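Q: Residue numbers (our numbering), protein chains in the order written: chain G, 1361 to 1560; chain A, 1361 to 1560.
What the hints contain is simulated information worked out from the structure, not anything from laboratory work.
Keep in mind that a hint or two might mislead.
[As the list claims (entries may be wrong)] What the simulated footprint calls covered on chain G by chain A, stretch by stretch (three residues with Cβ under 8 Å from a Cβ of chain A suffice, anywhere in the stretch; the number is not a length):
hint	stretch
1	1520-1527
2	1533-1541
[As the list claims (entries may be wrong)] Here are the in silico distance ranges between beta carbons for each label pair:
hint	chain 1	residue 1	chain 2	residue 2	range
3	G	E1366	A	T1513	54 to 62 Å
4	A	R1499	G	A1411	26 to 34 Å
5	A	P1484	G	E1467	28 to 36 Å
6	G	D1439	A	P1542	28 to 36 Å
7	G	Q1372	A	P1484	23 to 31 Å
8	G	Y1415	A	G1397	54 to 62 Å
9	G	H1511	A	T1513	21 to 29 Å
10	G	A1423	A	Q1448	52 to 60 Å
11	A	E1444	G	W1430	46 to 54 Å
Only a predicted model underlies this, so the values are computations on that prediction, with no experimental measurement involved.
We put the CB at the ideal spot given by N, CA and C, even for glycine.
Protein chains: 2
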Amino acid sequence: MAVKREGPTHRQRQALATKSAIAAAARRLFATQGYVGTTITAIAEAADIPAPTIYSAFGGKSAILRAIAWEATGTLDVDRTHAEALAQSDPRDGLRMAANLQRRQYEVMYDVIDIYQEAARTDPDIAADMQTILANRERAFRRHLEAITPHLTVEVDEGVAIYQTLVLPEVYRTLVLEHAWPLNQYETWLANSLITQLTG
Amino acid sequence: MAVKREGPTHRQRQALATKSAIAAAARRLFATQGYVGTTITAIAEAADIPAPTIYSAFGGKSAILRAIAWEATGTLDVDRTHAEALAQSDPRDGLRMAANLQRRQYEVMYDVIDIYQEAARTDPDIAADMQTILANRERAFRRHLEAITPHLTVEVDEGVAIYQTLVLPEVYRTLVLEHAWPLNQYETWLANSLITQLTG
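Build the full structure now, drawing on both the sequences and the hints.
A: Here it is, written out as structure tokens:
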């Protein structure tokens, strides 16, 4: 009697391992050579995987970049953390959780965000992705502030603008990458700034 | 008896007017088509000035961009304002003056700063300029904070990092260009943020 196998087949696992190796090589090259400066041929050489395999696995560079972002985001549990943050009874605890999520996001994938920003300048698919991601982020910030409105010392609209400003990748870059702040210092600064500027 | 003429000759005034017309046309094109996407030919057409005249007046695109920045900066009196800011007896007044200077700078030349950032990614001359400009800015912030050290609630190094963060062009872009804050609101937010985060 044929038993239905659980989980992926050997062939599926192989395909996943190949995609993962391509994505890892591409992430390194994008970060060092730039998205525009990286060819599929260069990724093929770095991953030691034939270029036609890369084309059939992904289709092109923008699909590889999307897969990299998808994989990195998957480890962060963004939606659950946002939901937990806005359920906190003390709004300051919720803002601290948001700061911790932001810190983990940059810790895990600042390089990917940087690549996205570069790629969005020339690649319309990635530019459209960026618009969607930023709109989703803004909605999440707004939901958070709407959940703690009685505690806010600013209007929700003004608060969303301040929130988006404080979590900018350029802020992280300035403090952590340029001024070499430890991640804990960045997280504490971000939490305190959110608390002071939004709840007084 | 030959009298030495005061001020520029007619020919010098003509040359200045030509350079000014080239710079104005280039600034509009850089801002709308991008620095990389703008050719000397396009600038020549927009300014109605022959391309060879542009080459002989400036040499190339990076020299035109430098002239644009130089002209815009000239209206701001940056050094005098910095000196005045750090001479204030109330450190909060000095930080308010710094916020006002920053607001005027973005008001007069945010487009030029944006063009510089784009150009620096591909043009080594402009990238070198950017390094110099950013280093000078950091030195000015440091001098300001050293002048008010007794009032600071953070170390000078930490304060410089926070200062640089709050005045980032991306912060201005988020608040004023994306969230349509009036310039006065941006200036007040910046002044209050500097005061709260640096002097408690």
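Q: Look at each hint and say if it fits the structure.
A: Hints, one by one, checked against the model:
Coverage of the stretch 1520-1527 of chain G by chain A holds in this model, with 5 residues showing a Cβ closer than 8 Å to a Cβ of that chain against a need of three. Only residues whose C-beta sits within less than 8 Å of a C-beta in chain A count toward coverage, and the stretch 1533-1541 of chain G has 5 of them, enough to reach three; the restraint holds. In this structure the hint that E1366 (chain G) and T1513 (chain A) lie 54 to 62 Å apart at CB holds, the actual value being about 59 Å. Between R1499 (chain A) and A1411 (chain G), the C-beta spacing of about 49 Å breaks the proposed range 26 to 34 Å.
A C-beta distance of roughly 32 Å is found between P1484 (chain A) and E1467 (chain G), which places it inside the suggested range of 28 to 36 Å. D1439 (chain G) and P1542 (chain A) have their C-beta atoms about 35 Å apart, which keeps the hinted 28 to 36 Å range intact. At about 48 Å, the beta-carbon gap between Q1372 (chain G) and P1484 (chain A) misses the expected band of 23 to 31 Å. With their beta carbons about 29 Å apart, Y1415 (chain G) and G1397 (chain A) fall outside the hinted range of 54 to 62 Å.
Checking the proposed 21 to 29 Å range against H1511 (chain G) and T1513 (chain A) shows it holds: the Cβ atoms sit about 24 Å from each other. At about 56 Å, the beta-carbon gap between A1423 (chain G) and Q1448 (chain A) stays in the expected band of 52 to 60 Å. For the hinted restraint 46 to 54 Å between E1444 (chain A) and W1430 (chain G), the CB-CB distance of approximately 52 Å keeps it satisfied.
Comparing the model with each numbered hint stated earlier shows that hints 4, 7, 8 do not hold.
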